Amino acid sequence: MVCLSIEGRQIEAPANCSILQAFVHAGETLVEGVGCMGQGVCGSCRVMVRRSGEQEVKTALACETLIEDGMQVAFLDYFTTSARHVYRIEDIGDSWQALHTIGEIFPEASHCRHCSGCDRACPKGLDVQRGVNLAVEGKLGASSEVFDECVMCNLCTLACPDHIRPNHLGLFVRRMIAALSLRPANLMRRIQQIESGEMTIDFDAPGAQPPR
Amino acid sequence: MPAGIPYEDAHKRYRPGVMPTVRSDDGSVDELLKGYHPDHGPNARVVLSVGVNRGEPCQPDLARYLQANALIDDVDIAGAQLVTTDVLVIGGGGGGCAAALIAAKQGTRVILATKLRLGDSNTVMAEGGIQAAVGDDDSPQLHFEDTLRAGHFCGVPELVAQMVMDGPDVIRWLIRLGMMFDLEEDRPIGGNLLRKKPGGASAARILSYRDYTGLEMMRVLREAVDLDPGIEVWNRCPVVELLSDEWGRCAGAVIYNLEWRTFVLVRARAVILATGGAGRLHLNSFPTSNHYGATADGLVLAYRIGARVRELDSFQYHPTGIAYPPHLAGGLISEAARSAGAKLINGKGERFVDELKPRDVVASAILRECAQGRGIEREGQIGVFLDTPTLEMEHPGILAKRLVTLRHLAHKCGHDAAQEPFLVYPTLHYQNGGVAIDKDGATSVPGLYCVGEVTGGFHGRNRLMGNALLDILSMGRRAGTKAAELGGRVMASRAGIGHVHAWQRELTLAGLPLHVKAPRLFPDYAHFDLRVDAGLHSSARG
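Residue numbers (the working numbering), protein chains in the order written: chain A, 983 to 1194; chain B, 60 to 601.
Derived from the structure by calculation, the hints contain no laboratory data.
These numbers were taken from a predicted model, which means no experiment stands behind them.
Any given hint might turn out to be false.
Here are the simulated BS3-like cross-link-like pairs (lysine-lysine), alpha carbons at most 27 Å apart as the crow flies [what the hints assert, rightly or not]:
| id | chain 1 | residue 1 | chain 2 | residue 2 |
| --- | --- | --- | --- | --- |
| 1 | B | Lys-471 | B | Lys-93 |
| 2 | A | Lys-1040 | B | Lys-93 |
| 3 | B | Lys-471 | B | Lys-460 |
| 4 | B | Lys-460 | A | Lys-1121 |
| 5 | A | Lys-1106 | B | Lys-471 |
My request is simple: use the sequences and hints to build the entire structure.
Okay, here's the thing in structure tokens:
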């Protein structure tokens, strides 16, 4: 058994448990800060972790982090910041204005003080700060790649002293690229065939009947 | 279950890169399903004794909750805050978000209430992709026929036809919202969408974004909903009961706010249930790949208020759940691995099924191998090998480039996917049936709409990979459109929980216990009791 403290409570759980599993195993109530329960894609189970013998407190996803003896864990509640810049991706028409648009929607992005707080906060090990800087420089493709595996846990947004909201900036860049430039030939052709009535469904086709 | 072949022995026999012998198939598909699929056998179903579907079959564990008493009574919600809106969407996954976005776009007021946090859903966990027939060698007709056939011709042809015809437009809608898709080559304008072939389909039809399509989809939909001024998002607000009026219409819902520990009554012209499936009820004691909130809440409430349901004795067990290590058991290994060519191997080093057959067939074949002693046993966990090392040898770099999630997963399991095979066993993945709906998502109860996994009729008795993501968006957009069009005043009728009292009489007459309560809201191991949490006295009737 491994002994650790979660939310200030001493807990015992079998080795090879994730933090979430250990919490549940100990009979605690778990109705928030949980989602995909192990896949590591929903970004809900944000925790602060201090390992035995270490000074530094690190951020992590509780479903992906295995428990250790002497570990101290505290959940970080989800949060929503009220003041923010709203956009509709459909309203962004002119890609020549991309830098201007980024400046308008994310005015703080150019104020990055290169503290790397976002990088340290990211549980996925993404180069968040570089992604922010690339976006501001107009290197949108490279910026979007940085955020490719982002799970939107908002830990970088929480960490940024300049209120940049890096993950939301990264997502904005990605959405802009897709919405303004992705025009696949096979998709456009098929939509045309369906809209013109050239392709329909035959309910009586032999393949649509159960075998006798 | 007979003991399997010890892992060490099986591992010694396993030779990456060598084509394994194929075990000859000694029976028909029908015999395989009847013999080994959990939907079959003497304990696979019971007959419902109350409600619209009285006399019809249902999976036994689910039936217990479908025929349960309500969590609350009149007295618990007396004096609760009342809020009105045009459309109330319940559920924060892909289907709920699509419905909310479309309804809000038409100028209606929308509240989206979700039990966990916006986006926490099975959608975000979807890996493989979404089906849409865009290839030259493909057509909506083939998609239509594949879907019906895979569902054993139990799906509703009109619903399936509408879904497959919506497919390409759904993809365009997603791209307009800013979702990326894999391309054949890196040429965004005029290139082709990359297509992969799902098990059980006659053409390559899976469109994807790497092997985390659902994550890419959900982060785009979540952001769009979050930024839409017409949508109010209520996180941590599960629905505990629906409201009915004197004409039996659905008139809103009772929401429980987990933060404030209070009930809120929401009156709405239309309620759209997009609450997902039932995996976290661990039916038939299976592990599950589902997210934490998948406890069939919407299904239970829809049935109680009088909505017809269908195919609730049919569930999908995904063939490749993780079997080892135990702490990840039930987690999913995407069909993308088999789609790319990975093979399944039993403890004797043999292939035993065509890995690209429909999921029910492949899962049954794995269960057969384990039942007949050819499974592989490791520290009490049983399963078969998913041969990723050979896949990597045949397609160098595929794990790093195309199967990113798979590679991460192997790391979490403590091995390198290029060196060691996974141990896999079927995992409860999807609720094939659900609430019966029409082409607008309308149920048999006026004012009540359903979207996504909570519904039945698309997938018959077995679902194809990639059809769930299509179904939620196709129907989500349609239900959102229809709900926004409904006229009339929100408060034109009296609303309450009259249907609950009628239900309690029915339960008593049928001799069913009143102390079993549902919806469950959270899995048993969440250690949550609504009545304790809300500070309510236990019900006198209970």
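Structure-based check of all given hints:
1. B:Lys-471 <-> B:Lys-93: Outside the cut-off at roughly 35 Å; violated.
2. A:Lys-1040 <-> B:Lys-93: Measuring from Cα to Cα gives roughly 51 Å; hence the hint is violated.
3. B:Lys-471 <-> B:Lys-460: holds (18 Å)
4. B:Lys-460 <-> A:Lys-1121: holds (22 Å)
5. A:Lys-1106 <-> B:Lys-471: holds (13 Å)
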